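Visitor: Protein chains in written order, with numbering that gives the first Met the number 0: chain A, 0 to 364; chain B, 0 to 271.
Derived by calculation from the structure, the hints in this document are not laboratory data.
Hints should not be assumed to be uniformly reliable.
[Stated by the list, open to error] Calculated cross-link-like contacts (lysine to any residue; reagent style SDA-like; alpha-carbon spacing at most 20 angstroms):
1) A:Lys81 - B:Thr182
2) B:Lys98 - A:Lys282
3) A:Lys112 - B:Leu165
4) A:Lys81 - B:Thr171
5) A:Lys112 - B:Thr171
6) A:Lys160 - B:Asn174
7) B:Lys98 - A:Phe80
8) B:Lys98 - A:Gly257
9) A:Lys349 - A:Pro300
10) B:Lys98 - A:Pro76
11) A:Lys112 - B:Lys70
12) A:Lys81 - B:Asn174
13) A:Lys322 - A:Pro300
14) B:Lys98 - B:Leu32
15) A:Lys278 - A:Lys322
16) A:Lys282 - A:Gly257
17) A:Lys24 - A:Thr13
18) A:Lys81 - B:Leu165
[Said to hold, decoys possible] Now the stretches of chain A that chain B is said to cover, found in silico as 3 or more residues with beta-carbon under 8 angstroms:
19) 71-80
20) 101-114
21) 171-178
In this text the structure is predicted, and so the values were computed from the model without any measurement.
Just so it is clear, CB atoms sit at the ideal spot from N, CA and C, and this is done for glycine as well.
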Amino acid sequence: MAAGQTAIEAKGVTKQFGAGPDAVKALDNVSVSIRENEFFTLLGPSGCGKTTLLRLIAGFDFPTEGEILLYGQDIAPLPPFKRPVNTVFQSYALFPHMTVAQNIGFGLEMLGKPRSEIDARVTQMLQLVRMEELRNRRTSQISGGQQQRVALARALAPAPKVLLLDEPLSALDAKLRKDMQIELKRLQHETGITFIFVTHDQEEALTMSDRIAVMSKGNILQVGSPRDIYDRPSERFVANFIGETNFLAGEMAGVSGGEASVKLTGGSVITAGIPEGLKPSGKVTIVVRPEHADLVQGETPADLRGVLENVVYFGTDTHYYVKLDGSPEPFIIRQQNTRGGGQGFARGDKVGIALEAHSAQVLRD
Amino acid sequence: MATSAFKHRDVKDQPGFGAMAIICLLVLYVPILILMIWSFNSGSLVTHWEGVSLQWYGVALQNEDFHNAAKNTLIISITATLVSTTFATMAAIGMTRVKAWRGMGASFMVINLPLMVPEIITAVATLSFFALLAGKLDLNFGIGNIIIAHTVFCIPFAYMPIRARLEDMDLTLENAAADLYATPWNAFRRVTFPLMIPGILSGLALAFIVSFDDFTITQLIAGPGQTTLPLYIWNQIRRPMTPEINAISTILLLVSILFVSVSFLIARRRSK
Ligand SMILES: Nc1ncnc2c1ncn2[C@@H]1O[C@H](COP(=O)(O)OP(=O)(O)OP(=O)(O)O)[C@@H](O)[C@H]1O
Ligand SMILES: [Mg+2]
Numbered sequence: 000m001a002a003g004q005t006a007i008e009a010k011g012v013t014k015q016f017g018a019g020p021d022a023v024k025a026l027d028n029v030s031v032s033i034r035e036n037e038f039f040t041l042l043g044p045s046g047c048g049k050t051t052l053l054r055l056i057a058g059f060d061f062p063t064e065g066e067i068l069l070y071g072q073d074i075a076p077l078p079p080f081k082r083p084v085n086t087v088f089q090s091y092a093l094f095p096h097m098t099v100a101q102n103i104g105f106g107l108e109m110l111g112k113p114r115s116e117i118d119a120r121v122t123q124m125l126q127l128v129r130m131e132e133l134r135n136r137r138t139s140q141i142s143g144g145q146q147q148r149v150a151l152a153r154a155l156a157p158a159p160k161v162l163l164l165d166e167p168l169s170a171l172d173a174k175l176r177k178d179m180q181i182e183l184k185r186l187q188h189e190t191g192i193t194f195i196f197v198t199h200d201q202e203e204a205l206t207m208s209d210r211i212a213v214m215s216k217g218n219i220l221q222v223g224s225p226r227d228i229y230d231r232p233s234e235r236f237v238a239n240f241i242g243e244t245n246f247l248a249g250e251m252a253g254v255s256g257g258e259a260s261v262k263l264t265g266g267s268v269i270t271a272g273i274p275e276g277l278k279p280s281g282k283v284t285i286v287v288r289p290e291h292a293d294l295v296q297g298e299t300p301a302d303l304r305g306v307l308e309n310v311v312y313f314g315t316d317t318h319y320y321v322k323l324d325g326s327p328e329p330f331i332i333r334q335q336n337t338r339g340g341g342q343g344f345a346r347g348d349k350v351g352i353a354l355e356a357h358s359a360q361v362l363r364d
Numbered sequence: 000m001a002t003s004a005f006k007h008r009d010v011k012d013q014p015g016f017g018a019m020a021i022i023c024l025l026v027l028y029v030p031i032l033i034l035m036i037w038s039f040n041s042g043s044l045v046t047h048w049e050g051v052s053l054q055w056y057g058v059a060l061q062n063e064d065f066h067n068a069a070k071n072t073l074i075i076s077i078t079a080t081l082v083s084t085t086f087a088t089m090a091a092i093g094m095t096r097v098k099a100w101r102g103m104g105a106s107f108m109v110i111n112l113p114l115m116v117p118e119i120i121t122a123v124a125t126l127s128f129f130a131l132l133a134g135k136l137d138l139n140f141g142i143g144n145i146i147i148a149h150t151v152f153c154i155p156f157a158y159m160p161i162r163a164r165l166e167d168m169d170l171t172l173e174n175a176a177a178d179l180y181a182t183p184w185n186a187f188r189r190v191t192f193p194l195m196i197p198g199i200l201s202g203l204a205l206a207f208i209v210s211f212d213d214f215t216i217t218q219l220i221a222g223p224g225q226t227t228l229p230l231y232i233w234n235q236i237r238r239p240m241t242p243e244i245n246a247i248s249t250i251l252l253l254v255s256i257l258f259v260s261v262s263f264l265i266a267r268r269r270s271k
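This is chain A alone, in the form it adopts within the complex (with noise of 0.2 angstroms):
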């Protein structure tokens, strides 16, 4: 198998509960692909959809019009047991009457798969989570964060194409999700199975994922590696989503080797990388992270111009909000705390800020 290989494609799936009226659309026209041994992370707010799109994976639900496909075949026909796809369930889903051991083992009973195998795959699937002692107990005697495992080692055992996990960490406290994240890539890296992670917190999606699409209402609004979706947001939500961000409004000038040449309102002209299949023109907004911009003295040439409103000291870095002129939201830069560096600002000071090369994006909206 080629690496890189597509391992699930949706192709313009739309979801509709309901009819008139009350209709919702929890899917709009949404097409995505996920490539083998990917850890993919579906990452929006509450309501979004992401749940709704496992479901429609996992065949517990039908698209209301489009299609999935997994390895480049059709599942539509396919019901949920036939699925070389698991589930890891965000309320975990234990079955109650059956000990830990036998919850890992149901899978590969449901398959016909020989006892002496299946034992096996136990032993080795406990190994996997590490949670060889627990074997025989029932899953009411175990803890949340064990119980976890045992959701996580009952999906993995069967070996599936695909694993989907819905916000599967949300139920445990900070420390323990923490450990269980390094677990998750650890797992996703020793069994090389495509994961599909939901979650709603950009935090986690950042460190853990391959590659992010950012969702709302029903819409992937942008599909990338973390550091695209953070360098790189193509949209104000996603840009606002995550992170911290600098929303500065300027003109089109031109556009060059792919990069837009933008006039921003203070005077100055900047080059910002344009989203993909966007042809921006006239007004648009561009977006810079905090820490992609520099603050200077303010007679030295910059980008922009402004009056040092607060400074903030975190002790690895040090926050500036600087008023800008005409706009009403503060520019925020972050600079690490070098010895010696990151002084000599005081309120009040009129500063100029200097943005990175290639550090600012124009918006999609």
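Based on the hints, put chain B with the ligands in the right spot on chain A.
Guide: Here is chain B with the ligands on its own, set in the frame of chain A:
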């Protein structure tokens, strides 16, 4: 919290609440207690106490008519319980585990209606039904008539706890089973059914107790030789009463209490 807001007007603080509660409990249980006490009377009257003895239990247990009545009751109750609980289980699955279908709400009403219809009406209707069968089609199932009648009115009692159990059950468990390659039949056999068992046991216990205790319907449709325990007691008290009847009543009561307790314990275990 709502509870604390209401605390200052907790009904327990209403004047006379305690006295009222005690009166209610006394009215409920004192007659039963007296009935039980008289069953241990060594004399042959329920108005004149002569001493403690178990002799009336001996008399009751050796009485041929009592044996027959007990046998009839057990045959009827056990059969009606098993059949009605089976139907109730199927109905509960059909009304919670499938896509909503036309007439589902109406069916729910129909299943539960017997709980609301006065029993004497059901009894008269059932009697007319069997009279019709016998008259027009020459069909008479003997004790089977009583079993059919009991099965019918036991269904809603068995249905209630089973449905409650199914409604409580997390649907994602069944999704999880399907996700792990269980066919619908295997998902039912390995996940849904085992988790329904407490509901089914409560259903069995309730159906049994309702059938075991039934008087009105049975009285109307029972033919000669089809006397059940409640009918037997009824026949006995129309003669000069002896403590034998108290002994039989006490035995019946204990069986009832046993079943109610089992049902209650199961319900409590499942809510834990
Ligand atoms: N069975 C259903 N019937 C009607 N509407 C539904 C149904 N399931 C989901 N929806 C609606 O579809 C939209 C998307 O729901 P979904 O569960 O996919 O959101 P989500 O992104 O998983 O949110 P969360 O982060 O809260 O889990 C919501 O508006 C929801 O109300
Ligand atoms: Mg969800």
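Visitor: So which of those numbered hints doesn't the model satisfy?
Guide: Numbers 2, 3, 5, 8, 11, 14, 15, 18, 21, in rising order.
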